[in-house]
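Novice: Given only the sequences and the hints, what does the whole structure look like? Please build it.
Chain by chain, the residues:
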Amino acid sequence: MNKVYLFDGTLKSYNNSLRKLWHLAQNGEKLFSKGDYHPGLFETVIDLDYLNELQISKKETALFKDCCRTLVYSFCSGEKEAVEVTPSFISYMRTNGRKGFYHLAEPSVRIVTKAAKRTGSEAHKLKGILRFRKFGTLFYGQYFSKTFVLPMLGDHFKKRMPNETWIIHDSERETGLYYDGKELRQAFFDKNELAELKIQSEKTKAEDEIEKLWKKYFNTIAIETRKNPKLQQSFMPRQYWRYIVEVEERVG
Amino acid sequence: MDVMKKLEILSDSAKYDASCSCSGSDRKTPNGGLGNGKDCGICHSWSDDGRCVSLFKILFTNYCIYDCAYCVNRRSNDILRASFTPREVADLTIEFYKRNYIEGLFLSSGIMKNPDYTMEQLSETLRILRDEYLFGGYIHVKAIPGASKELIDKAGALADRISVNIELPSKESLRLLTDKKHTDIFKPMKLITDGVSQSVAERKKSRFAPRFAPAGQSTQLIVGATPETDMTIVKLSEAMYNKFALKRVYYSAFIPVNAGDKRLPVLREPPLLREHRLYQADFLMRQYHFNADEILTPDKPMLDISLDPKANWALNNFHLFPVEINKADVEMLLRVPGIGPLSARRIVAARRGHYLNFDDLKKIGVVLKRAGYFITCKGKRMPAFSEKYQSVYGALAENHDPGPYQMKLFETG
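In the order they appear, the protein sequences are chains A and B. Residue 200 in numbering that gives the first Met the number 0 sits at position 201 of the first sequence, with consecutive numbering throughout. Residue 126 in numbering that gives the first Met the number 0 sits at position 127 of the second sequence, with consecutive numbering throughout.
None of these hints come from the bench; they were simulated from the model. On a predicted model such as this, the values are computed, not experimentally measured, just so you know. Using N, Cα and C, we set each Cβ at its ideal position, and we do this for glycine too. Among the hints, erroneous ones may be present.
List of simulated lysine to aspartate or glutamate pairs, DMTMM-like, C-alpha gap at most 25 Å [unchecked claim]:
#1 B:Lys97 with A:Glu80
#2 A:Lys124 with B:Asp38
#3 A:Lys124 with B:Asp25
#4 B:Lys4 with A:Glu80
#5 A:Lys124 with B:Asp48
#6 A:Lys64 with B:Asp25
#7 A:Lys214 with B:Asp47
#8 A:Lys215 with B:Glu87
#9 B:Lys4 with A:Glu208
#10 A:Lys214 with B:Glu87
#11 A:Lys157 with B:Asp130
#12 A:Lys226 with B:Glu7
#13 A:Lys133 with A:Asp169
#14 A:Lys133 with B:Asp90
#15 B:Lys27 with B:Asp115
#16 A:Lys215 with B:Asp16
#17 A:Lys157 with B:Asp90
#18 B:Lys362 with A:Glu80
#19 A:Lys157 with B:Glu7
#20 B:Lys14 with A:Glu173
#21 B:Lys148 with B:Glu123
#22 A:Lys157 with B:Asp25
Derived contacts from chain A toward chain B, CB cut-off under 7 Å, selection only [stated by the list, open to error]:
#23 Arg97
#24 Tyr101
#25 Gly127
#26 Leu129
#27 Phe131
#28 Pro161
#29 Ile209
#30 Leu212
#31 Lys215
#32 Thr219
#33 Ile220
#34 Ile222
#35 Thr224
#36 Arg225
#37 Leu230
Specialist: Written out as structure tokens, the structure is:
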């Protein structure tokens with residue numbers, strides 16, 4: 000009988016299930032979100048949400064943290080295969096220790112680290128190309144991303160702008176983060192509220208002025224004789240452009 | 000003149016500075032302040048020429064008392080001139096930074112009145128940013144050659160990176176194309192190196208000792224404006240890396256901004272490919288442990304345009320290959336064309352587990368397109384990859400010849 004683990008499909012539940020899987024997981028077992036799972040004939044199903052959490056021994060804490068980070072990143076990539084091989088990955092890492100991260104010939108390690116890298120590199124990219132607009136004292140930044148990078152952006156901007164009030168809005172998943180100068184909170188957006196914000200933004204002249212200055216700067220800094228739009232787009236793909244101030248007008 | 004016009008004039012003049020790196024500093028956000036440094040650096044945008052925009056790159060002023068042949072801001076050019084105040088630059092930087100347009104400031108300047116006065120203005124801008132606005136973001140400032148030691152020290156203590164441009168690869172060229180400005184470029188460079196090493200030594204004793212340019216210094220030189228060979232340039236870079244512990248040397252292909260100056264060559268287009276090859280050679284020295292002498296020899300002092308320098312070295316030393324992936328040391332793996340530091344590290348880690356074959360290499364992400372000609376796995380060569388010098392050369396060389404094309408009726412030359 001193959002063992003199959005289930006969790007409820009959210010990031011929080013996935014995060015919790017890792018602590019339980021750490022002790023249970025064996026090579027070849029699979030993890031599914033409840034929504035994606037179709038029962039097979041010869042499978043034992045274990046619902047992780049009903050299990051109690053188990054302690055991680057002190058000796059293994061550091062390794063567990065490293066694995067967790069990679070696994071959470073791979074979960075955020077939205078890759079279902081990476082979720083599926085989670086138990087195999089955990090069991091492999093427990094036997095091989097930290098050097099297991101480099102054993103890319105092992106399928107579970109390859110799948111998980113590849114997916115984690117996708118999230119990691121997109122998070123890094125968005126730390127650069129996210130743009131804020133100022134409404135009154137609030138900075139509002141909307142972005143598009145293929146993977147779920149909101150938590151990483153939250154941490155980054157909390158360190159960078161600890162004394163400002165800001166909102167980061169993931170336009171694909173209609174969720175976001177609100178920071179009021181003290182703590183970070185998850186926020187869900189009401190379309191009407193957003194429309195209200197946008198109307199306000201059209202009224203503030205000072206903000207317009209700064210955006211104009213930036214666009215002017217962006218256009219003059221390019222050297223005409225070295226023009227290379229293909230290179231530009233390979234670094235900054237067009238799908239991100241609609242929320243980037245300096246190029247938003249170029250997208251139809 | 001309003002800020003918009005000034006910004007247009009002064010960013011237009013600053014665009015030929017190549018450096019835009021913002022890595023190497025992990026400055027923390029000051030208490031009650033704004034901004035931090037990120038060790039890996041973050042690019043924020045890419046302009047139409049494909050170069051990244053991570054710093055707000057701007058000249059403080061484009062007034063200049065000097066008259067260098069290659070410079071767009073030289074005294075004898077009839078162009079619009081403008082000058083910021085320190086407060087204006089600081090305000091713009093903060094506003095842009097808060098909207099996440101930029102990672103920090105890159106402040107350079109033409110030379111007005113005298114070097115000391117200019118350097119004072121730059122330092123004042125930095126002081127406003129750091130002390131008044133409590134700005135913790137990245138700042139790269141140019142040291143003005145000829146400015147006094149105290150002023151350079153002051154700027155270095157506030158900035159993350161401070162640099163001087165060497166501009167041209169030899170003293171003769173400098174004498175020919177510039178006036179007094181660049182007579183002793185190595186003096187300020189030495190000052191900065193001393194400042195950095197002193198700060199590093201002091202910080203070993205106490206972590207509260209002040210930092211001096213934690214992201215080090217860099218420099219830039221123009222390629223193709225003067226007759227120096229690649230050999231001279233690569234040797235010069237190596238010497239600067241060794242002597243002044245530079246982080247980077249930037250090469251900028253000569254763009255004829257002052258057409259009609261008889262001291263400068265007439266080029267159909269900027270030597271972008273040569274610039275690219277020089278960067279490749281530069282990376283070989285910094286990350287692949289090559290010496291300048293290995294890359295170029297006196298009897299062949301120019302880099303092969305159709306071949307990257309690493310492939311060129313491998314073909315010149317063809318007797319050292321093929322390399323057995325499962326046994327070769329890291330230094331040798333790094334010398335295989337197509338294998339970089341990351342792939343080499345992965346190979347070394349993965350081969351501890353088991354003997355690697357070509358499939359394993361593909362799985363761990365090693366690209367075999369070029370490496371295939373130079374390696375063996377378990378003693379076997381990669382199938383269908385030739386071992387003859389001529390065909391390997393043919394496979395690796397890039398063809399940059401535009402090929403035959405239809406001439407225009409009235410075209411000359």
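Novice: What are the numbers of the hints the structure violates, in ascending order?
Specialist: Those not satisfied are hints 1, 4, 15, 19, 20 and 23.
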